[in-house]
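There are 2 protein chains.
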Amino acid sequence: MDWLLTPGPVRLHPKALEALSRPQLHHRTAPAREVFLKARALLKAAFRTEGEVLILTGSGTLAMEALVKNLFAPGERVLVPVYGKFSERFYEIALEAGLEAHRLDYPYGQVPSPADVAREGYAGLLLVHSETSTGALVDLPALSRAFKEANPDALVGADMVTSLLVWEVALEAYGVDAALSGSQKGLMCPPGLGFVALSPRALERLKPRGYYLDLSRELRAQREGESAWTPAINLVGAVAAVLEEVLPRLEAHLSLKAWQNGLLYEVGEGFGLRPVPEVRSPAVAAFYLPEGIAYARVKEAFAQRGAVIAGGQGPLKGKIFRLSLMGAYDRYEALGVAALFREVLSEILPAS
Amino acid sequence: MDWLLTPGPVRLHPKALEALSRPQLHHRTAPAREVFLKARALLKAAFRTEGEVLILTGSGTLAMEALVKNLFAPGERVLVPVYGKFSERFYEIALEAGLEAHRLDYPYGQVPSPADVAREGYAGLLLVHSETSTGALVDLPALSRAFKEANPDALVGADMVTSLLVWEVALEAYGVDAALSGSQKGLMCPPGLGFVALSPRALERLKPRGYYLDLSRELRAQREGESAWTPAINLVGAVAAVLEEVLPRLEAHLSLKAWQNGLLYEVGEGFGLRPVPEVRSPAVAAFYLPEGIAYARVKEAFAQRGAVIAGGQGPLKGKIFRLSLMGAYDRYEALGVAALFREVLSEILPAS
Numbered sequence: 001m002d003w004l005l006t007p008g009p010v011r012l013h014p015k016a017l018e019a020l021s022r023p024q025l026h027h028r029t030a031p032a033r034e035v036f037l038k039a040r041a042l043l044k045a046a047f048r049t050e051g052e053v054l055i056l057t058g059s060g061t062l063a064m065e066a067l068v069k070n071l072f073a074p075g076e077r078v079l080v081p082v083y084g085k086f087s088e089r090f091y092e093i094a095l096e097a098g099l100e101a102h103r104l105d106y107p108y109g110q111v112p113s114p115a116d117v118a119r120e121g122y123a124g125l126l127l128v129h130s131e132t133s134t135g136a137l138v139d140l141p142a143l144s145r146a147f148k149e150a151n152p153d154a155l156v157g158a159d160m161v162t163s164l165l166v167w168e169v170a171l172e173a174y175g176v177d178a179a180l181s182g183s184q185k186g187l188m189c190p191p192g193l194g195f196v197a198l199s200p201r202a203l204e205r206l207k208p209r210g211y212y213l214d215l216s217r218e219l220r221a222q223r224e225g226e227s228a229w230t231p232a233i234n235l236v237g238a239v240a241a242v243l244e245e246v247l248p249r250l251e252a253h254l255s256l257k258a259w260q261n262g263l264l265y266e267v268g269e270g271f272g273l274r275p276v277p278e279v280r281s282p283a284v285a286a287f288y289l290p291e292g293i294a295y296a297r298v299k300e301a302f303a304q305r306g307a308v309i310a311g312g313q314g315p316l317k318g319k320i321f322r323l324s325l326m327g328a329y330d331r332y333e334a335l336g337v338a339a340l341f342r343e344v345l346s347e348i349l350p351a352s
Numbered sequence: 001m002d003w004l005l006t007p008g009p010v011r012l013h014p015k016a017l018e019a020l021s022r023p024q025l026h027h028r029t030a031p032a033r034e035v036f037l038k039a040r041a042l043l044k045a046a047f048r049t050e051g052e053v054l055i056l057t058g059s060g061t062l063a064m065e066a067l068v069k070n071l072f073a074p075g076e077r078v079l080v081p082v083y084g085k086f087s088e089r090f091y092e093i094a095l096e097a098g099l100e101a102h103r104l105d106y107p108y109g110q111v112p113s114p115a116d117v118a119r120e121g122y123a124g125l126l127l128v129h130s131e132t133s134t135g136a137l138v139d140l141p142a143l144s145r146a147f148k149e150a151n152p153d154a155l156v157g158a159d160m161v162t163s164l165l166v167w168e169v170a171l172e173a174y175g176v177d178a179a180l181s182g183s184q185k186g187l188m189c190p191p192g193l194g195f196v197a198l199s200p201r202a203l204e205r206l207k208p209r210g211y212y213l214d215l216s217r218e219l220r221a222q223r224e225g226e227s228a229w230t231p232a233i234n235l236v237g238a239v240a241a242v243l244e245e246v247l248p249r250l251e252a253h254l255s256l257k258a259w260q261n262g263l264l265y266e267v268g269e270g271f272g273l274r275p276v277p278e279v280r281s282p283a284v285a286a287f288y289l290p291e292g293i294a295y296a297r298v299k300e301a302f303a304q305r306g307a308v309i310a311g312g313q314g315p316l317k318g319k320i321f322r323l324s325l326m327g328a329y330d331r332y333e334a335l336g337v338a339a340l341f342r343e344v345l346s347e348i349l350p351a352s
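Here the protein sequences come in this chain order: A and B. Heads up: the first sequence at position 184 corresponds to 184 in full-length UniProt numbering, and the numbers run straight through without jumps. Heads up: the second sequence at position 158 corresponds to 158 in full-length UniProt numbering, and the numbers run straight through without jumps.
Hints are all accurate, no fakes.
The list treats identical chains as interchangeable, and a pair is accepted whether it falls inside one copy or across any two copies.
List of simulated lysine-lysine pairs, BS3-like, C-alpha gap at most 30 Å:
1) 38 with 317
2) 207 with 85
3) 38 with 299
4) 319 with 299
5) 44 with 148
6) 85 with 317
7) 85 with 44
8) 148 with 207
9) 85 with 299
10) 207 with 38
11) 148 with 85
12) 319 with 85
These are calculated hints, taken from the structure and not from any lab test. Please read all numbers here as calculations on a predicted model, not as lab measurements.
Whole structure, please, built from the sequences with the hints as guidance.
So, in structure tokens, the structure goes:
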């Protein structure tokens, strides 16, 4: 057994593997258009938007760049709280896109409060819902509300890379105008697709630019079940198959993911480990390394049991380790992983 | 039997399907780095360059945009002969990239001659090797040579989307400085990866820009077997598996592809059909529709036999049809397709 416990890519859903074993479809044919439209309709339901979801062939970073460049024109002022590697990336992309980006820095693991973003004079706010690098979850509805009270005309863009299908998400109901995600996290598919969800309000205010990233061009094509450029149609089929299976029992699925991640924290805290995030996302459990124990030692103890975990990123490199059950794991597999984690901790921690 | 006869996506190689059925790898682990480095080394051999090949997650269009934006700065003068839909795209991308792009127009199906591109005063020439939209092949070495005699310092960029693994390609030996391709054509894998091959000369002269498209950032990561952004690692595995199978017997493979495409032309011409291209690429056979017969009728006759073909694009829409055996078809399957094609033509052509 391979235990892929990284916070994405994750263990594939059996429906994804099944879809990927089918013969190749040509994207400009009726069967492919049907798959594409089905995936988009299911994604709209998953993101909870009355707007549109565009499927892009590329990583989540491509979707992030597409969101920023199509929502804001160069010179516009955006607020970017930075509390992990992915919010740092939002900031870098905003700069590269020529925006006047103001950053608010937080120690990795902490999260911004509504009062922090209640500042006037901005065209936009960029937030990461679930900060995969620290395991922290922000209160997206409260932050959007506070920011929009100060900036009623502004747009809120959110990274939902590890919240989609892992925690409750919504666009309009959360006051979020545009959001992005990818195929290799809560969707339990291989990497290769990024998604940009656009609320009706965002659709009215698109400022398209770029060539491959031009979302107005994608919108025209995708409304007809095609895409501007050759899509990774096999992956689109996998996404549709997984969503078709998971969405009808989404509540139970989200409860399972929350319980599984809670179980990981329970084990770690039971052994005295200190969690990284101030507010916990169900996508990943992040712990500071026990005093005097190097990351390589922890990684190796997991590897000896067939498990692959993740270390820290950016300033947390060499300081933390991360485990995730976001992939296609059921209740009993999670209990198996909890046992594995206990074994590892018993082995590496000094007997007290 | 599904006969996917479109000029990409194509019927998958069995090694690609096998690779895609494996459990998910995390891209920042040793087994994934090994796959990534193997794919890059095999791609270098396939493109015949001593430089580097970068694997991008996205379509061929993304790779085209990356090539143009990283090779030329805004304001630089480039020459773009336009003789089909994909050379038209090169021109559009050059404009969007802020280059001073000069187009040379040809009726679709014709190709530029060396004399046409022997014009001074350019920083670059952009050429499509095999114009999938018309079935035409250009003489890349002769065109590069003529252009560089007039512009010794200039760079030549080539679209090798449907020539890689279908016809002989080379970078340095052809005088080409950078080339692009994709996974879903001669490589017989699903769509989702674009490649940018850079000669040693191009590597020295990179002018990186953009975020997702910044090739200098990719170069740093890919030299270590990683990528700047989460790659479609499953597809990278498929590409490595197919190349490992095909490259050791490349000459026989190219002969087979040439023979198969010749067979399609033989059948069509035997029934009096008029080929579209002036010079034929082995990637696709393109024919004008017989007088008085609509594309829908031809498409339907193929569909009744389980075959999917392609129509015309741009100005050729409704005027031509295209068939391809670029996918994983052996000699006998090609003979079966020839029989199928004959049946179709016997059915749709008026008895004479």
